[in-house]
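Student: Chain A is fixed; fit chain B onto it per the hints.
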Amino acid sequence: MANRSRAKSEEKTKVYKPSRATRLFTVWRKLKKSKLAVAGFGIVVFMLIVAIFAPLVAPYAIGWTGRSRRPPSMEHILGTDASGRDMLSLIMYGARVSLYVGIAAVTLEVLIGITIGMTSGYFGGVIDEILMRITDMILTLPELPLLIVAVTFFEVRSVHIIVLVMGFLGWPYIARYVRSEFLSLKEATYVEAARSMGASSRRIILRHILPNILSLVIVLATMDIPWYIFYEATLTFLGFGDPSSPSWGVLLEKGYLYLTSAWWMITFPGLALFFTSLGFNLAGDGLRDALDVTERGR
Amino acid sequence: MTVRTYVIRRIILIIPTFFMITILIFVLIHLAPGDPAMAIIGRHNVPQDVLKEMRARLGLDQPIPVQYLLWVSRLLQGDLGKSYVSQRPVIVMITERIPRTLELMLAAELISITIAVILGVIAAVKHYGLADAVSSVGALIGYSIPTFWIALVALLVFSVSLGWLPLSGTHTSTDFPSPFHALLDHLSYLVLPAGVLILGWTAYLFRMVRSSMLEVLGQDYITTARAKGLRERVVIYKHALRNALLPVVTYLGYSIGFLLSGAAVIEYIFTWPGLGNFLVTIAQIRDYPTMMGTGAIIAIMVLVANLCADIAYAIVDPRIRYD
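The listed protein sequences correspond, in order, to chains A and B.
Each residue of the first sequence is one higher than the one before, starting from 1 at the first, in the working numbering.
Each residue of the second sequence is one higher than the one before, starting from 299 at the first, in the working numbering.
Chain A on its own, in the form it takes in the complex (with noise of 0.2 angstroms):
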């Protein structure tokens, strides 16, 4: 309703403008045609739904206990592990905290790197170059020593401040697309159309530019997801992590300790790793193609 009303409106001007599920809408059926995309938001949903429902559909409850270290078998597909726990239901509860971290730490990221990215871009001048030479900085140090030197010098091993170290530092790599994209977009015919009408800075900043922004910040953010749970899981691993929080991290942690008697320890939850990395990047590339993004940064 609300859109024939808003087409009725608009018939003077005789501009058609989409609506938002109408434009939705385009960018699924244009995501729709590749199949790897479609497989990897599969994935990827079906990731989500295991991690929120976990404790419906995971086998066994949080507490339960059997024999410790049994092989793969009827009663434990996965094998159980080192305390007699049954490897796809801890699977199943390390999807909540690894997803957490992956889209928590992103989230930050983004915020941060939009905000640096588009006062850089507005400003230009000292402000532009002393957030661009800080920005480089961040960029050139390599992510997993920064990270671990990060991380240990919090007293406290927690999963929420491993996705603080990574939000706080991972940003500079989004503020540099979004400062490349803003600028371009500022000599854009369109703002310049919106600016010779009259609209103010913060109208064009947040109606014109920033939406269309949004789609590179899209793409780039579904493609950052898996990285950082792979640097949790790499940071647990590497002993600087939350044992208290049973990500995914934390089971390759203990399976290392059995590497040679129990392989389905290590084995189950990496694959858990990939396929969800898997799909966030099939994800991404999908979405690459269908929200017609290029990527101009660096």
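Errors might be hidden in some of the hints.
Unchecked claim - Using C-beta positions, here's what the derived DEER-type ranges look like:
1. A:L206 x B:L485: 52 to 60 angstroms
2. A:R67 x B:L349: 45 to 53 angstroms
3. A:W28 x B:G467: 51 to 59 angstroms
Stated by the list, open to error - In the SDA-like style, the derived pairs of lysine to any residue whose C-alpha atoms are separated by at most 25 angstroms in a straight line are:
4. A:K254 x B:S459
5. A:K35 x A:M47
6. A:K186 x A:D128
7. A:K35 x B:G436
8. B:K536 x B:Y549
9. A:K254 x B:K536
Said to hold, decoys possible - Some, not all, of what chain B presents toward chain A, calculated at C-beta under 10 angstroms:
10. M318
11. I327
12. G436
13. L438
14. S442
15. G555
16. L557
17. G560
18. T592
For the record, the hints were derived by calculation from the structure and aren't laboratory data.
Think of the CB as a built atom: it goes at the ideal place given N, C-alpha and C, for glycine as much as any other residue.
Tutor: For chain B alone, coordinates are given in the frame of chain A:
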């Protein structure tokens, strides 16, 4: 701007970056909760005067900016202080490990460039063919695989189950009939870490070469070259590949950061005595001065590598605009 002024400008720009990085490392360490003096003593109920003496000995009683200046001036003289734990000079411990890391990275770089260029060219030339599909899927898997996990799986399969390759370290013994045997033995230790380290980077580089090559192959001068009747081989290798590799060169500078990142965990898993493994082990025991030194050295290595890549690019591509 000529190439020379560009290079000079680029070198000068490294100075502020260096100071910013050292400040970052320093601030990270000093903003962090926890007292290094306490960390060394390792107990919580320590008499105040003992702590005070420890702080004075470590220079921790000075104001923070003074501590930073002292640290940086010593850093520039190559003095990174002593380890809290082993009491050995940090610079000695680092220089012992740098060659191992460089060796691993050089091996990884050579293998991944070779694979990425060959597969990238084939995939671009036979666009949408079988080879393109297979290598593209391979690349997708390559960068979706968690590095440290595939390292563990490789260890499990090739060392534990099949027994083809050694488990960890750098050599079996120091006594070999000839240098050639020693080299072979050493290489057998290098295979797994290098082989795992390249996965993500090769996948990334392959995509770069492929898309760059596709772009070049669509250009007019390639059509001209073909129209002149040049053989396809000449067109591809002499005309297209040379230009297609130009943008790839810039990415080689980033590779050192990428590889160092991966090396941290891979060296740890294969107990390869390099910088990455070192950083992980000292971070686990919170040996702060050693961490600061290692962090600074790693940052300097990356800065120099990026500088070299930028200069190489400026020399290789005369069309570059230096601004």
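Student: Which hint numbers doesn't this structure obey?
Tutor: Numbers 9, 12, in rising order.
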